[in-house]
Amino acid sequence: MRKTIFELFAKSPFGPIQDHMLKVMDCVRLIPDLFRALEEGDQERMRDVTEKVEKAEFDADEIKNQIRGDLPRTVFTPVDRTDLLDILRFQDRISDVAEDVTVVMKLKPLPFPGEIRGLFWDFMDQVMVTVEQYARINAELDELMEASFGGAESGKVLEMINVLGKMEHETDRKQQDLLVKLLSMEKELGPLNIVLWMRVFQLVGDIANGAERTGNRIRLFLSK
Amino acid sequence: MVLGTWVFWASIIACVYMAWNIGANDVANAMGTSVGSHAVTLRQAVILAGIFEFAGAFLVGGHVTDTVRKGIVDPAIFQGRPEIFILGMLAALLAAGIWLNLSTFLGLPVSTTHSIVGAVVGFGLLIGGSKAIHWNKLLSVVMSWFISPMIGAAMGWMIFTFIKKSILSSWAPDRAAKRGIPLLLIPVTTVLVLSLLVKGLKNLSLHVTFGEALLIGIAAGCVAFLLSRFFLVRVYDFRAGRRRDSFDRVERIFATLQIGTACYVAFAHGANDVANAIGPFAAIVAVFQEGDLAMKVPVPFWVLGLGGVGIVVGLGTWGYRVIDTIGKKITSITPSRGFSAEFATATTVLLCSKLGLPVSTSHTLVGSVIGVGLAKGMAALNLRVIRNIVNSWLITVPATALVTIIVYLILKALAL
Numbered sequence: 009m010r011k012t013i014f015e016l017f018a019k020s021p022f023g024p025i026q027d028h029m030l031k032v033m034d035c036v037r038l039i040p041d042l043f044r045a046l047e048e049g050d051q052e053r054m055r056d057v058t059e060k061v062e063k064a065e066f067d068a069d070e071i072k073n074q075i076r077g078d079l080p081r082t083v084f085t086p087v088d089r090t091d092l093l094d095i096l097r098f099q100d101r102i103s104d105v106a107e108d109v110t111v112v113m114k115l116k117p118l119p120f121p122g123e124i125r126g127l128f129w130d131f132m133d134q135v136m137v138t139v140e141q142y143a144r145i146n147a148e149l150d151e152l153m154e155a156s157f158g159g160a161e162s163g164k165v166l167e168m169i170n171v172l173g174k175m176e177h178e179t180d181r182k183q184q185d186l187l188v189k190l191l192s193m194e195k196e197l198g199p200l201n202i203v204l205w206m207r208v209f210q211l212v213g214d215i216a217n218g219a220e221r222t223g224n225r226i227r228l229f230l231s232k
Numbered sequence: 002m003v004l005g006t007w008v009f010w011a012s013i014i015a016c017v018y019m020a021w022n023i024g025a026n027d028v029a030n031a032m033g034t035s036v037g038s039h040a041v042t043l044r045q046a047v048i049l050a051g052i053f054e055f056a057g058a059f060l061v062g063g064h065v066t067d068t069v070r071k072g073i074v075d076p077a078i079f080q081g082r083p084e085i086f087i088l089g090m091l092a093a094l095l096a097a098g099i100w101l102n103l104s105t106f107l108g109l110p111v112s113t114t115h116s117i118v119g120a121v122v123g124f125g126l127l128i129g130g131s132k133a134i135h136w137n138k139l140l141s142v143v144m145s146w147f148i149s150p151m152i153g154a155a156m157g158w159m160i161f162t163f164i165k166k167s168i169l170s171s172w173a174p175d176r177a178a179k180r181g182i183p184l185l186l187i188p189v190t191t192v193l194v195l196s197l198l199v200k201g202l203k204n205l206s207l208h209v210t211f212g213e214a215l216l217i218g219i220a221a222g223c224v225a226f227l228l229s230r231f232f233l234v235r236v237y238d239f240r241a242g243r244r245r246d247s248f249d250r251v252e253r254i255f256a257t258l259q260i261g262t263a264c265y266v267a268f269a270h271g272a273n274d275v276a277n278a279i280g281p282f283a284a285i286v287a288v289f290q291e292g293d294l295a296m297k298v299p300v301p302f303w304v305l306g307l308g309g310v311g312i313v314v315g316l317g318t319w320g321y322r323v324i325d326t327i328g329k330k331i332t333s334i335t336p337s338r339g340f341s342a343e344f345a346t347a348t349t350v351l352l353c354s355k356l357g358l359p360v361s362t363s364h365t366l367v368g369s370v371i372g373v374g375l376a377k378g379m380a381a382l383n384l385r386v387i388r389n390i391v392n393s394w395l396i397t398v399p400a401t402a403l404v405t406i407i408v409y410l411i412l413k414a415l416a417l
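Going down the list, the sequences are from chains A and B. According to the numbering used here, the first sequence holds residues 9 to 232 in order. According to the numbering used here, the second sequence holds residues 2 to 417 in order.
Each hint should be verified, as a subset may be incorrect.
Said to hold, decoys possible - BS3-like, lysine-lysine: derived pairs with alpha carbons at most 27 Å apart:
1. K164/A x K179/B
2. K19/A x K114/A
3. K116/A x K63/A
4. K189/A x K114/A
5. K19/A x K179/B
6. K19/A x K132/B
7. K71/B x K179/B
8. K19/A x K138/B
9. K413/B x K71/B
10. K164/A x K174/A
11. K164/A x K166/B
Read the hints as simulated data drawn from the structure, not as lab findings.
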């Protein structure tokens with residue numbers, strides 16, 4: 009079609025950033041399944057879950073690249089363009105970390121002793137609660153755009169981000185308890201398994217850290 | 002006079018062709034945002050545009066037409082040799098049409114207004130030299146091309162900021178709308194009525210002074226306040242719902258209001274842009290009627306009507322397709338934003354029409370949309386368009402001037 013003044017209306021990045029987060033959540037929500045399969049000693053299901061995580065991570069990457077391509081420097085957005093790109097990068101990092109969890113789990117069949125299971129699931133659930141909270145904040149982006157990033161809607165999102173911070177703090181605490189328990193089992197597990205579990209805890213915890221970091225970036229959009 | 006009547010008929014064809022061009026391509030710029038935000042359907046857009054483009058052209062089109070036909074080039078220079086003036090104006094009309102088609106083919110966002118002004122200047126320079134041009138008037142016209150997008154931007158920013166502060170920022174935007182929208186309609190209706198009344202209804206032989214118009218405008222504003230308040234309280238029965246639905250309801254109200262601004266834009270567009278087609282033609286008609294360059298005659302009604310009909314035919318035969326394409330392309334505009342941008346555009350363009358300044362409706366719209374964007378209203382705007390527009394300004398005036406000179410020399414060889 010011929011060029012008109014309506015080239016002025018560029019593609020909105022907000023919907024696609026929400027789509028991207030949906031894909032990231034597809035990826036993250038599979039992680040508890042991975043450990044449930046480990047608990048049941050179901051190797052085949054672990055492989056299956058790993059494949060699904062890789063697929064979702066790849067899809068998220070595709071969306072990310074598409075959005076970047078649609079946001080050249082000449083596009084004017086109501087919030088800073090570089091902040092938008094940062095949020096996209098941070099979101100994408102969450103699914104990268106989720107994929108890294110599956111990578112570590114593939115290295116060696118890890119023993120999952122009954123003594124740490126309770127604390128582990130406490131920790132895992134808290135991570136999921138935290139990342140779901142960020143997903144809810146992300147789902148407010150279209151409303152924020154409609155309210156043009158101010159007023160009551162902005163206040164509501166700000167409060168959600170504060171809650172997110174508290175949730176992440178709680179995750180850290182649970183991770184600490186879990187670590188203490190793990191280290192007390194050095195004799196039974198052996199140093200190699202301890203190191204691998206520590207790496208797993210770290211990565212799972214990073215999912216929550218990533219969610220908090222991304223949420224805090226959204227703070228920059230909000231005006232009083 | 003030595004000219005054959007074929008020159009007159011050629012002028013009519015050139016004029017209708019130009020008007021057809023405006024209807025086919027330009028009207029889409031006026032209606033695109035309304036269709037894009039789903040405030041009106043394609044069918045409604047075409048019908049409303051048809052009615053209001055014609056009304057604007059017929060009722061207010063005369064002011065700008067006068068500027069194009071005698072404001073920029075001094076007709077007195079051609080006293081005693083009217084045939085040269087006629088051929089020159091015909092050449093200007095043809096050249097502007099040729100340039101529009103060429104630039105559409107090349108994909109340049111060229112304005113019909115800038116084309117016709119460039120063409121008239123080119124003809125004036127060729128025949129009368131620099132003394133034939135009213136440089137002061139030309140300067141004010143060119144200045145208005147810069148200023149009109151800026152006024153549009155300032156107004157778009159103000160209207161959207163008001164909507165944001167009074168409605169969208171609220172905890173319950175739908176309930177806030179019941180207060181905010183009637184308040185918003187007071188200045189909006191006042192400005193609308195005022196801009197229609199002042200110098201507008203001269204063609205209907207209704208004379209109102211500015212003071213009277215202001216009083217009527219404010220009265221209309223108050224009526225709009227009461228009526229909209231009544232409707233919003235009675236007809237829109239908002240039950241408590243999710244906030245998401247609350248925003249939807251606010252946008253639905255704005256979609257209704259945007260039907261009004263869409264008509265307003267079409268009216269303003271018709272008022273300003275009809276001159277691009279009939280300005281030179283009206284000049285030719287005046288000479289044919291008087292036998293010489295007696296410039297006191299007003300623009301005849303049938304000429305204004307001819308321009309209006311040409312626009313409507315262009316809209317009906319081709320323009321609706323362009324509106325459809327554009328409407329489908331713009332998905333990121335919601336009615337509250339479209340309302341702000343359209344009201345700002347229409348008011349700015351109509352103000353310029355009253356002052357006899359031929360401005361570009363589409364460039365003013367670009368300014369208004371950017372104004373809404375600066376108030377954080379637009380999701381993403383590609384500012385590269387601004388560069389394309391400035392480039393097209395720089396090219397259009399010299400290019401149409403040049404094409405006019407060529408066309409004039411050909412016509413002269415044929416007719417004299």
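Results for each hint:
1. K164/A x K179/B: With a Cα-Cα distance of about 22 Å, the restraint between K164/A and K179/B holds, given a limit of 27 Å.
2. K19/A x K114/A: violated (40 Å)
3. K116/A x K63/A: holds (22 Å)
4. K189/A x K114/A: Between K189/A and K114/A the Cα gap is close to 23 Å, so the pair holds against 27 Å.
5. K19/A x K179/B: violated (32 Å)
6. K19/A x K132/B: violated (49 Å)
7. K71/B x K179/B: violated (49 Å)
8. K19/A x K138/B: violated (40 Å)
9. K413/B x K71/B: holds (21 Å)
10. K164/A x K174/A: Satisfied, since the Cα-Cα distance of roughly 16 Å is no more than 27 Å.
11. K164/A x K166/B: Given that 27 Å is the threshold and the Cα spacing comes to 16 Å, the pair holds.
Hint compliance for this structure: hints 2, 5, 6, 7 and 8 are not met, and every other hint is.
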